[in-house]
Amino acid sequence: MFGLGKPRSRFGKFLDKNNLSQQDIVKESGVNRGTISRICQGDAFQPSLKNGNKIIRALKKLTGKNVDYNDFWM
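If you're matching positions, the sequence shown starts at 70 in the working numbering and goes up one per residue.
Incorrect hints may have been included.
Derived pair list, reagent style SDA-like, types lysine to any residue, alpha-carbon separation capped at 25 Å [said to hold, decoys possible]: (1) 134 with 93; (2) 123 with 91; (3) 86 with 138; (4) 75 with 117; (5) 96 with 77; (6) 75 with 86; (7) 96 with 120; (8) 75 with 120; (9) 86 with 143; (10) 82 with 117; (11) 119 with 78; (12) 119 with 137; (13) 123 with 133; (14) 129 with 103; (15) 129 with 140; (16) 129 with 97; (17) 123 with 112; (18) 96 with 130; (19) 75 with 142; (20) 119 with 92; (21) 86 with 139; (22) 96 with 85.
Distance ranges between label pairs, derived from CB positions [what the hints assert, rightly or not]: (23) 113 with 133: 17 to 25 Å; (24) 112 with 87: 14 to 22 Å; (25) 102 with 122: 15 to 23 Å.
Hints listed in this document are in silico derivations from the structure and should not be mistaken for laboratory results.
Note that beta-carbon positions come from the ideal geometry of N, C-alpha and C, so glycine has one too.
All chains, please: the whole structure from these sequences, using the hints.
If you want it as structure tokens, here you go:
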């Protein structure tokens, strides 16, 4: 799963560093699996503000860290 030579976005690297799977985020946030996969692949894709906020809430709950939308997407 990790270190397969695929480029990762800042969001994807954050998941790796915090030992979270994409499926963990899907379950906690309710955001579609395809969306989570796309935002992990590279920095070119940004989720909508609505989905981004759902993802950020899930990350805060799962990691206990103070993360913000701007930490990953601008």
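Hint check:
no. : hint                     : result
1   : 134 with 93              : holds, 16 Å
2   : 123 with 91              : holds, 14 Å
3   : 86 with 138              : holds, 18 Å
4   : 75 with 117              : holds, 24 Å
5   : 96 with 77               : holds, 21 Å
6   : 75 with 86               : holds, 15 Å
7   : 96 with 120              : holds, 13 Å
8   : 75 with 120              : holds, 24 Å
9   : 86 with 143              : holds, 21 Å
10  : 82 with 117              : holds, 20 Å
11  : 119 with 78              : holds, 19 Å
12  : 119 with 137             : holds, 13 Å
13  : 123 with 133             : holds, 15 Å
14  : 129 with 103             : holds, 21 Å
15  : 129 with 140             : holds, 13 Å
16  : 129 with 97              : holds, 11 Å
17  : 123 with 112             : holds, 18 Å
18  : 96 with 130              : holds, 12 Å
19  : 75 with 142              : holds, 19 Å
20  : 119 with 92              : holds, 19 Å
21  : 86 with 139              : holds, 18 Å
22  : 96 with 85               : holds, 17 Å
23  : 113 with 133: 17 to 25 Å : violated, 29 Å
24  : 112 with 87: 14 to 22 Å  : holds, 18 Å
25  : 102 with 122: 15 to 23 Å : holds, 18 Å
Against the hints set out earlier in the document, a violation occurs for number 23 only.
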